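Protein chains in written order, with my numbering: chain U, 1 to 588; chain W, 1001 to 1336.
Hints in this document: simulated from the structure, not taken from any laboratory. The model shown is predicted, which means the values in this text are computed figures rather than measured ones. Certain hints may be false.
Here are the simulated distance ranges between beta carbons [to be verified]: (1) K1071(W) x S189(U): 52 to 62 Å; (2) S577(U) x V1184(W): 28 to 38 Å; (3) Y1064(W) x H251(U): 37 to 47 Å; (4) A1178(W) x S586(U): 46 to 56 Å.
Yeah, the Cβ is synthetic: ideal placement off N, Cα and C, and Gly gets one too.
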Amino acid sequence: MTLSDVDRGRTTPISAALAARMVASHRMYGAQYPLFADNPFLSEAAINRYLDAANDINSIHDLLLRADTLGLFQADTEIFRILSHRDQIPLSSRDGVFTKLITPFAHIRAQGELFDAGKSGIDLLLASASGSTTGGSRQKQITELLIGPLRSSGGAGPASPSDTFLRVFDSQRLIPIDSLFALAEKKGSVDPKTLKTITDQLDRFEESESVRGSLSQEERNSFALGYWSNRHIEQERKFNLERTLKTPEKHDMRDALAPFLRDSMVGLLYSYYAPAGAQLLLTNPQFVRGHDFIGPESSPAAWRVTEVSSGGWPISAGGRLIGSLISLPYAIAEAEQNFLSPTREQALIWADLVPQLIADVTINRWHNVKPEQVRWVALHVRRGKDLMAAAALDPAIQGPVMEAYKRYSTPGRVEWLQDHLQSDSFPKVIAEVPPAILYWLGEDPALANLSPDSASRQITLLKQERADSVSPEAISKVFGTPKPTLTHSYTPGLLKLRTFPALMGYSSRILAESWESNNLYYAALADEMATPVAALDAYVPEWNRSTIENIFATHLEDWPAILRSLQTTGNNIRHQSERASDARVSGN
Amino acid sequence: MSKTVRAFIGSAVLLGMAALWLYAQEQDQTTFHVKVDMVVLSFAVTDTKGKYVNGIKPTDFKIYEDDINQKLATFAEGNRPAMQVLGTGETRSLRSGAEENDGAGGRTVDLRSAATGTNVFVLFDTSNYMYRGFVYASDAIADFIRGLDRADSIAVYTYSRNLNRAVSLNRDRSLAIAGLRKAVAGDDSALYNCLLLTLRDAAKVAGRKVVIVFSNGPDNASMVAPDDVRAVAEDEGIPIYVISTNEVNKDPISSGIFKRISNSTGGKSYFAKTWQKQVEAFESIREDLGNSYTVTYYPQPNPNEGFRKLHIELLPEAMKKYKVRARPGYRPQRGI
């Protein structure tokens, strides 16, 4: 099944030989195969090269070096995956870039080699995506590649993505990659500003350790079991910058800086996937450094999915993530979900459902959304409502509409709708229809000529004018959600799924993956509220947080609770807007 | 009220902000700088027998940050209204719209925010660990709320795996108690996660604030470590009082953390298993709030971007033997 997903987007299926190798390696590397599913343009040679490099990394005996290599290797490939998905790396060169990116990680035997591999990887990514590595700092270039131009939040409104990104990176006491490169290259002659940047962050890192230094013996004993990953931190604490600078001939700076480079690169991804209202990333200054890429001997975690580990005091010095970076957005969402405050008692389906709902927004980020795409979704949702209204009034229209509706909803819901569409008040009935179904009804070719209205006419016009932007692929890419459990892929998309039932645990996650309404609802809301498209990457995460906090399900199968909380969020935003408008009028 | 003053009231972010540009990186790199907001410092003075010492004046003590003497902006004893401190050390009432130059950017700031009583945030453990004695605990908290000074505001939060903001900060005691009575016990305990969120809320409120944690102790779900939360409380100047419903020896780890958190933030910890002891603990907290001093100041220029040690020196010879309880220091915030 995993191999089918890898094949899904490829022009030709993978060969029998590669399939056999992937089957044989599945136990070790299976969790990484979504990387190949997400990048169907990768040649078999590139996939083989990846598996070779992975085997080689596994053969590194020094555990600290192996952990650092895993971290840098996976950070590079994850950034590559993000940039590829956004088409920031041209399709024609992706296979070559990927191969060049991973090749230096084969045969790593010293930290200095790892540092060089990391540096060449960053330069390659920048050169491939932006065309030049000259001018401007690499840190700024890679940050802007990930989150767009840096912009401040300003006074009112939610925090801008760049503010959140930079705050997380700084809170983790991470060192900008340019400073690390400058220190490695210039050694003793590094400029004072760069030196100050580094020493400041090292001092703050050391201070965060000293905060924990006051632990009682009982506390130390009780979390000794989970202490292994701190060897990475201990290794970094031993780094004495002053002594190293005084005797550059005795030290290879690259050896000492490779672990810091790993942290900075991994930290870029943690910062990138920080959800709205993130607390853990801002409060635990060693969350990034504490990432355990190898796991305990009894339960190796290298190449496994990212998992949350060590929650609950006094088991650990704060929770941390363990495993690879492949499912980092989900794991961060899982760790951060406990800092959301439900407006009522926590719903039964909350814990397994919420991380996916958070990741739905942190993965696609609403970055580079076009105004016509927001309008397109809003028009389709409106068209869907109009069709439902027409169906309520005209039995001749009800037939085809309900026939279409059946494809997207469960028999129980279809029956309920048929019973209530004509007999109950329309606003009450339409409130029970998820926005995704309204969108699909609006999009359904079989209903296109039925009861033409203003929305359908505007849809036709928009399609003529902006065919590329509003193609099904483009809309699916921008407003879709990732479905790693269902599709072994983290690429967002719209699959027109019926909502799966929730039975807690794994099935609640599948329920969340099958729920495609949130992003479509936010698009329609943004259109209605005339929210600037460029600001949606700041607003939508906040709206999503509000939706999650308003979820209140009364029983396990009460998935309409998500729909109700969406509508509550929408109503709250409308009221806020009205109050602000009233205040402006009275102020004038 | 001048427009300037109104603008400051309207934005907590701007309140009393004195940005010190301590360094700048290259133009194409993000620049972080240290922001130093108005510092609110609460402290209590006790004599050799542990009794509160009242009647201390601003001229009786000096406050040092890393050995740098600080100029006080306001001074308040217990629940009395805050007074503006003049250059001579004399005090005067805060007039409507009282404002002062912040000494850094030449801006004026509203000082009345420091004169609005104490903002008390109660964080009540409603996890599985609290099943036993839940009702008694609720009664003890209700008694405490009823006995608060009229000038104080109260917020009631409950926690298990997540935080529930049962009653937002207000002065309506009946509302607070009604919210408290709605709490139900159950689920895991994420004490330190929820304490962090409570501190974040308290930090947004101007003036003096305290957090009172009422907990059984264990935490089986938090993702943040207690000492990271402690650091936030230190930096924000929010004393944490902890009332544990467990015996000190039953859970030495939690007991140790509670003592550490409360001591380093200027609060206190109590181990009160019985209802009577819990009522006494609350009475002690109320007494502490009523007998402590609160001062505000804008820090003098200080190149230290890390932990700044605070020291309060009592000047009169007769007071030298007294004990001062306050947070040991704080780290200035960093802004982009």
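Given the range 37 to 47 Å, decide if the beta-carbon distance of Y1064(W) to H251(U) lies inside it. Because 40 Å falls inside the window, the suggested range holds.
Quick check on a hinted range of 52 to 62 Å for K1071(W) and S189(U), using CB atoms only. violated (43 Å)
Lying within 28 to 38 Å: is that true of the beta-carbon distance S577(U) to V1184(W)? holds (35 Å)
Please test the hint of 46 to 56 Å on the beta carbon pair from A1178(W) and S586(U). The hinted range 46 to 56 Å is violated for A1178(W) and S586(U), with Cβ atoms some 33 Å apart.
In this structure, the earlier hints numbered 1 and 4 are contradicted, and the remaining ones agree with it.
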